[in-house]
Each structure stands twice: as C-alpha cells, then as structure tokens.
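Chemist: Take the two lone chains, each set in its own frame, and fit them into one complex as the hints suggest.
Those protein sequences? They're chains U and Z, same order as listed.
Anchor point for the first sequence: position 93 equals 93 in our numbering, and the numbering is continuous, going up by one each time.
Anchor point for the second sequence: position 105 equals 222 in our numbering, and the numbering is continuous, going up by one each time.
Think of the hints as simulated: they come from the structure by calculation, not from any bench.
Careful: at least some of the hints might be erroneous.
[Stated by the list, open to error] So, partial list: chain U residues that the calculated Cβ filter (under 7 Å) puts toward chain Z:
no.: 1; residue: E42
no.: 2; residue: G43
no.: 3; residue: P44
no.: 4; residue: F46
no.: 5; residue: S49
no.: 6; residue: D103
no.: 7; residue: G104
no.: 8; residue: F107
no.: 9; residue: K109
Yeah, the Cβ is synthetic: ideal placement off N, Cα and C, and Gly gets one too.
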Amino acid sequence: DQQVKQNSPSLSVQEGRISILNCDYTNSMFDYFLWYKKYPAEGPTFLISISSIKDKNEDGRFTVFLNKSAKHLSLHIVPSQPGDSAVYFCAASGGDYSGGGADGLTFGKGTHLIIQP
Amino acid sequence: DSGVTQTPKHLITATGQRVTLRCSPRSGDLSVYWYQQSLDQGLQFLIQYYNGEERAKGNILERFSAQQFPDLHSELNLSSLELGDSALYFCASSPTWAGIYEQYFGPGTRLTVT
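Pulled out of the complex, with its shape left as it was, chain Z reads as follows (with noise of 0.2 Å):
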C-alpha cells in the first residue's frame, strides 16, 4: 500500500458527460501528479500540483482540468468525454515538487466512456 488513495476505482460514463477523479496524497506530501495510461501511450504525464499550486503541465487536454486544495487532495476534471479518453488515471504524490525523488502512486481509477 504506497498511502495515496484514489476514488472511485471504476466509473462508466457516456460520451459528452464529465465526471471528476479524487486523489488523498501520502501524508505529509505536497506534489500530487496526475497520469494517463491508455492500451496504445502507456503512462502518460497529464499535469503536476505543488501545496494548491499548478507547477507543470504535461499532455493534457484542454478539456480536462486539476485542482489541489488547501487538504492537499486534488480533483481531476474530465469534460466533454470521448470514447479515446477510456483509460487508467493514476494519481501520484512526492515529497518535494523537485522532482528527483521517487513518486508514489495509487491504485488508479478505470474510465470506461460508452
């Protein structure tokens, strides 16, 4: 168990809906990341939180928006869904936003667009 919860672990949706993916970090972590692993890209980096702060973006969509509150959980927002969006999203959590140490990942949340 790395300590980072993530919910729901499934979530079936139609196209055009939005639905909205929650990360707890580690306790006393201030980096929550967030990754997309899709059957054809593997795990991709979509965008980074530092203490409530965006500090890097990765390849997200335009459609698709994060927030980190003052509790240190973060929400990923997916809007507009479309079928390619099915996939993993992992949330991950680090001690410092430096980025040379290891981060700690979730159990992962399984999109599933109808």
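Next up, chain U with everything else stripped away, as it sits in the complex (with noise of 0.2 Å):
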C-alpha cells in the first residue's frame, strides 16, 4: 500500500508561470515532509522541508503547504525557469517499519515537471 502519493506522473507549465505538484499522504505517524529533484542520471538533490507544526515553507521561488488534515502537501514553483524540468520526488519521515522505518523516507512515485519556453 503506497503511504505517499503523487497522482500525476507528469505536469507541463510554461516558462514564468507557477508550477504546482502535488503530495497525499496516509499515514498519520509522518512528521516530516521534503521535496527532492532529480535529473537523469543523478541522486535525489534535497529542495525544501516541512515539519508537521508548520503549514508553510518559503525558500527563494520554492514554497511548500502542508494541509495535515486532509494529509495534502503541495510544493509550488514560481517563476517556472527550464532548469526546473526534472522529476520531483515528494517524501516523508516517521511511521513504521513497513512505511520505511524510523528514520528512512517514503517516497512517492514522482512527477515529471516539463517547463515549455
């Protein structure tokens, strides 16, 4: 059973405009959220957190939501720049064994951000 979610495996915004991807969650026991890009062929590259107790992160053009009652997170890119194309990885931190234990994250599927010129 997948315990974080990301429902569109792809999202194309166009240059300037605001990118926004999506996150469900189902396990309540998570406490941390981040938001990781990767390119092809590299690692994970880290974005932006949010602990539990906050509902919003700000770094530069990256903002992200946390709505815990309806165990939604958004992450929202503005102004969309091309260097922004790349897939993005929604993850979370607590919950059981089975979720990716104490300190492992879970991730979700990924969505692949397009930017168009």
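Modeler: Below is the structure:
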C-alpha cells in the first residue's frame, strides 16, 4: 500500500508561470516532509522541507504548503524556469518500519515537470 | 555535488552472483541510508546505519546485507542475484539519526542483472 502518493506522473508548465506539484499521504505518523528534485543519471537533490508543526515553508522560488487535516502537501515554484524541468519526489519521515523505518524516507513515485519555453 | 560518493557507477552481472556496492558519506555525517529505485516500485528505503550500527530496516531482502565501517563508509552486499534486482541503488547520508533532517544522496549505482 502506497503511503505517499503523487497522482500526476507528469506536468507541463509554461516558463514564467507557477508550477504546483501535489502529494498526498496516508500515514498520520509522518511528521516531516521533504521535496527532492532529480535529473536523469543523478541522485535526488534536496529542495525544501516542512515539519508537521508548520503549514508553510518558503525558500526563494520554492514554497511548500502542508494541510495536515487533508494529509496533503504541495510544492509551488514561482516563476518556473527551464532548469526546473526534472522529476520531483515528495518524501515523508516517520511511521513504522513497513513504511520505511523510523528514519528512512518514504517516497512518492515522482512527478515529471516539464517547463516549456 | 552532494558530497556523497558511490562506486561503481555501473555494474553488470549474472543471476546467482554476488556484488558489493560502496558508499562514502558526506564529511561529518554519521548516518548512511540505502535506497533501491526500480521502474515499478520507485525509491524504496532498504536500511540505515548510524555510527557503525544498524539503526532501521525497511524493505530489504534477506539476500541483501549492509555494514558501516569505522571510517563511516558503508557497503551494501547483494547475493544470489535475480533479474528483478536490476535497479538503481542510492546511498544517502545525514548528520543525525533522528530523521528529521534532510538526507543527501549520492549519484547511485546502476545494477543490471542478466
């Protein structure tokens, strides 16, 4: 059973516009959430994170929103740039061993973001 | 560059064989994590070591084992390899075992089992 879900396998956005990537989770024990960006043939690169005690965290063009009651988080990228084209993974920390261990991350399957010129 | 190194970059081997993947964490990081990324399963947590000791286990098969050495580098051993073990294997490190800090990933080892 997937505990972290990214329901959009791909998303196409025009350069300069806002990109919104969504993530849902089912395990209420998750207490920390992270977004990673991945280019082909490279490892995931940490982008931004949020603790479950907050509902928003901002870092430059990247903002993560957390709605605990809906078990939903989103990553906003404003403005979107060509270099943002990559696969974005949502990840969560906490939960039981079947979900990834006390400290291992549970990942969604990723959303491929394509920024069009 | 995350500061996490992994060797080799690519590995091709036959079914039934055994391989060892190596990871060096970022300087100062005590925790090492191993993940497997396959086409259908996405990134899955396998195992974590903290300062030489096993800290947490995820979806790791019994045919797989790992260890972390006194210099903090880690090795993931995969034995009796099957076709389904073909995947990207990532190592990550973080400065604390608490898990609330970000993990920094290496470039991965692509394993192909033929």
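Chemist: Each hint should be assessed against the structure and marked as holding or not.
Modeler: Hints versus structure:
Because the smallest distance between the Cβ of U:E42 and any Cβ of chain Z comes to about 6 Å, under 7 Å, the interface hint for this residue holds. At a threshold of 7 Å, the smallest CB-CB gap from U:G43 to chain Z is about 4 Å, leaving the interface hint in force. Nearest Cβ of chain Z to the Cβ of U:P44: about 5 Å, under the 7 Å cut. The hint holds. The beta carbon of U:F46 comes within 4 Å of a beta carbon in chain Z, closer than 7 Å, and the hint placing it at the interface holds.
Here the hint on U:S49 is kept, as its CB sits about 6 Å from the closest CB of chain Z, short of 7 Å. Taking 7 Å as the C-beta contact cut-off toward chain Z, the hint placing U:D103 at the interface holds, the least distance being around 3 Å. Of the supplied interface hints, the one on U:G104 holds, with its beta-carbon coming within about 3 Å of a beta-carbon of chain Z, less than 7 Å. For U:F107, the interface hint holds, the least distance from its beta-carbon to any beta-carbon of chain Z being 4 Å, beneath 7 Å.
Interface hint at U:K109: satisfied, since its Cβ lies 4 Å from the closest Cβ of chain Z, which is below the 7 Å cut-off.
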